[in-house]
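Asks: Residues per chain are reported as follows:
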Amino acid sequence: MFYVRYLRNELVRRRARTILTALGLGLGVALVIVIAGVSSGLDKAQKKTLNPLAGIGTDLTVTLAPQTQDTGGFNGGGGGGANRDLVQANLSVVTDLSKLGKAGTHFVHDFFLPGSQLTFKQSATSQIASIPGVAKVSQGLTLLAEHQEGVVPKIVATLKTQAKTFQIQRNIPRPTAAQFAQMQACFAKQAAKSGSSGSGTTTTPNSGSGGFGGGGGGSGFGGVNRGAFSKCLPASMQRLRTRFTAPSQTLKQVLDPPQTNIKTSAYTIGGVDPTDPTMGVVTTAQVTKGKFLSPTSTHQALVSQTYAAKYSLKVGSKLNLNGTSFTIVGLVSPPLGGQSADVYLPLKQLQTLANEKGLANVVLVRATSGKNVSQVKQAIQAALPNAQVASSKDVADKITGSLVNASNLSHDLGLVLEIIAAVSAFLLAALLALSSIGKRVRELGTLKALGWTQRMVVRQVAGESLAQGLLGGIFGIILGVVVCLVIGAFGPSLSASSTTGGGNLLGLGAETARTATSSISLSAPIGVTVLAIGFGLALLGGLVAGTAGALRAARLRPADALRTVE
Amino acid sequence: MEPLYTLRGVTKLFQRGPTTVRALDGIDLEIQPGEFVALEGPSGSGKTTLLQLLGALDRPTAGDVLFEGTDLVGLPDHELAGLRLRSFGFVFQQFNLIPTLTAVENVEVKLVPVGGDRARALQMLDEVGLAARADHLPAHLSGGEQQRVAIARALSVEPRVVLADEPTGNLDSATGAEIIDLLAKLAAEHGSTIIVATHDSSLAARAPQRLRMRDGKLVDVPAAVS
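Protein sequence lines correspond, in order, to chains A and B. Okay, so the first sequence: first residue is 1 according to the working numbering, each after it adds one. Okay, so the second sequence: first residue is 1 according to the working numbering, each after it adds one.
The following block holds chain A by itself, in its conformation from the complex (with noise of 0.2 Å):
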């Protein structure tokens, strides 16, 4: 086909123009089309992260929240004040380093500590499952873990002790009147035996001397035999005189504060009931890797994406706390908000660990409809005065960090960024095309001169704008994929953090707070649609440069193409 052929020779020899043309349109889309991808993974990516509660099955969570003044209700775990607990729980952590074992062994040590969030009991639970409105709860516990990894410090001394006498001195209380009577019934029965040794044998002693003075005894009966005297006195007076010695003793003893080898670092450890995988603080929906913890299972466990990364575990690794062995069984990348952790364990073993036996500290509350959510947050709130009810907006906005500004980035601008390139493109593309069209005046003249009609040539020259377009889609969505590729392969990672606990709790804020960041590679997912529209849009680019460019060749008059002398 002659036309074909005409068109294929003017793309084909004008070949700077075309390139030129094609590459315009072809970053428009590309553009476009990376635009599209990026929005769409950082929605992707949002909606993972930045709805954290859905992700768990969940419409609010319930935590205690620790109180200046203990107003009762919500029972902590040990009844006094909230506070106190909190202070007396969290300082747990303080080593007691002579009780680790030998000088120079190596120990590892996980402390679990309740964080910001109080334990509660079971009772409590129940309680918000009988709220009307509530579909289902399940518990969870979540625990700021410290652990400690080192050898034990020389510096634990020994001590030894001298023996030591005690000598004790004190005065013979007075004998009753039964003691008295005793007591000179034998001393007569001893004057007796004595034969005549005194004149005084039968005589009472005077009832009106009522000291017995320890010098009476000397004097009053001179003549007993002072061993069998001795025996005449009561129990008591005998016992006073004993004499004791204090053991010689071992200290162990901590003599400075020792400076150790001893790292401490904190992650974050949650327990979840692996009976119900699709609601507690995290589900099978956030395993990425390997799988969920079985409904039986007790020495498993789940990583989360970053804390496996961190400390390069994987599926099949193992996991020491305090002497029980867990295997990790899958990966998770736990939504953001109050109760993601590091670490997941079935929530019996975690109790166990952590010495909090039946409690829990948080409870995950799915509402029978979406509809009734901030009904059954106010009725949990009533029912439960200190407690702490979280909706998933409210966990959301506390969530901040690249995703997040990337995301409201691409949500201003990702639209207007679009249009930009695109509108960028086509001014391009029929800037091009006019120049185009200004540059064949006289080519577009002698076709018309020729016989050529106006549609034959408006046909032309739109027909080369078109495979223009055609050329720049073409480009454009080999480039854009490409670039969606190397965007996914080599992205920049975004973080979104959420913090909770922490503040003004008593000095214990740097403690408590609870960071949980997610890191997420940007991905820029590619849909049929996108490249779809990139490939319509450097179509109707190609149309737009192409009328452009035809409506100003038709206005040509044959005439005054001729007239025109390069």
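By construction, these hints were calculated from the structure, which means they are not laboratory data. Don't take each hint at face value.
Unchecked claim - Label-pair ranges, simulated between beta-carbon atoms:
no., chain 1, residue 1, chain 2, residue 2, range
1, B, THR11, A, ARG455, 56 to 62 Å
2, B, HIS136, A, VAL423, 40 to 46 Å
3, A, LEU415, B, HIS136, 33 to 39 Å
4, A, ILE19, B, VAL21, 53 to 59 Å
5, A, VAL423, B, ASP25, 35 to 41 Å
6, A, LEU415, B, VAL21, 37 to 43 Å
7, A, VAL423, B, LYS185, 54 to 60 Å
8, A, ARG455, B, HIS136, 28 to 34 Å
9, A, ALA532, B, LYS185, 57 to 63 Å
10, A, ARG15, B, THR61, 39 to 45 Å
11, A, PRO525, B, ARG86, 55 to 61 Å
12, A, ARG15, B, ARG86, 44 to 50 Å
C-beta atoms are modelled at their ideal positions from N, C-alpha and C, and glycine is treated no differently.
Got chain A; can you put chain B on it based on the hints?
Replies: Frame of chain A; chain B shown alone:
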């Protein structure tokens, strides 16, 4: 016999900035079919304007241009395009070949819209002695060769009239003479009337009929040959 062209009081005005240029000033003319007419005159005398009116490339400001009895002034654009396609052939001073098309494709530009094919285009190139250069781009052809391609293009549809505007203007005199001879010979073979505008009176002298123009008017019109 009906004249090929009948022009009555044809006037053409151009607006060039603030001044109005009277390119043609009341031309009355008849041209019979089969003639070889030379249109002489200095630059700016109105030769090109007259050729454009004869070739239906433009419309007069006033007057009538009748082609075989039909007034071109009243015809819509697409009918004028049809006339240009089938009845007229143009040869230009600048050759006006499409730079991206080969010699044979440049002939096809004219042929294809009327259903002609490549074979016919090659045949026409053969007639102008360029069969061997059919696949060359204009840029690779000499001026004389380019003009031959233009002549092959103009004559490919067997037009009623070939309108040549300074066809030798960009050629040396020897080539120019060859071109005029070729044009005259082929026009005769294809039964076309040929009207050549030129400022070169030696070339004009080769034409059996000469029209002389000055300031938009025909001067010294030789007696019409019937």
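Asks: Hint by hint, say whether it matches the structure.
Replies: Hint check:
Checked against the hint of 56 to 62 Å, the C-beta distance between THR11(B) and ARG455(A) comes to roughly 31 Å, which is inconsistent with it. Against the hinted window of 40 to 46 Å, the Cβ-Cβ separation of HIS136(B) and VAL423(A) comes to about 42 Å, which satisfies the hint. Roughly 52 Å separates the CB atoms of LEU415(A) and HIS136(B), a value that falls outside the hinted 33 to 39 Å. Look at ILE19(A) against VAL21(B): about 43 Å separates their beta carbons, and that is not inside 53 to 59 Å.
Here the CB-CB span from VAL423(A) to ASP25(B) is close to 51 Å, at odds with the stated 35 to 41 Å. Between LEU415(A) and VAL21(B) the beta carbons are some 55 Å apart, a value that contradicts the proposed interval 37 to 43 Å. Range check, VAL423(A) to LYS185(B): Cβ separation about 58 Å, and the 54 to 60 Å hint holds. Between ARG455(A) and HIS136(B) the Cβ separation comes to about 30 Å, which falls inside the hinted range of 28 to 34 Å.
Hint check: ALA532(A) to LYS185(B), Cβ distance near 59 Å, so the stated range 57 to 63 Å holds. Taking the beta carbon of each, ARG15(A) and THR61(B) are about 44 Å apart, inside 39 to 45 Å as hinted. Judged by the Cβ atoms, the range 55 to 61 Å given for PRO525(A) and ARG86(B) holds: they are separated by roughly 58 Å. Under the hint 44 to 50 Å, the C-beta atoms of ARG15(A) and ARG86(B), about 35 Å apart, miss the expected range.
In this structure, the earlier hints numbered 1, 3, 4, 5, 6 and 12 are contradicted, and the remaining ones agree with it.
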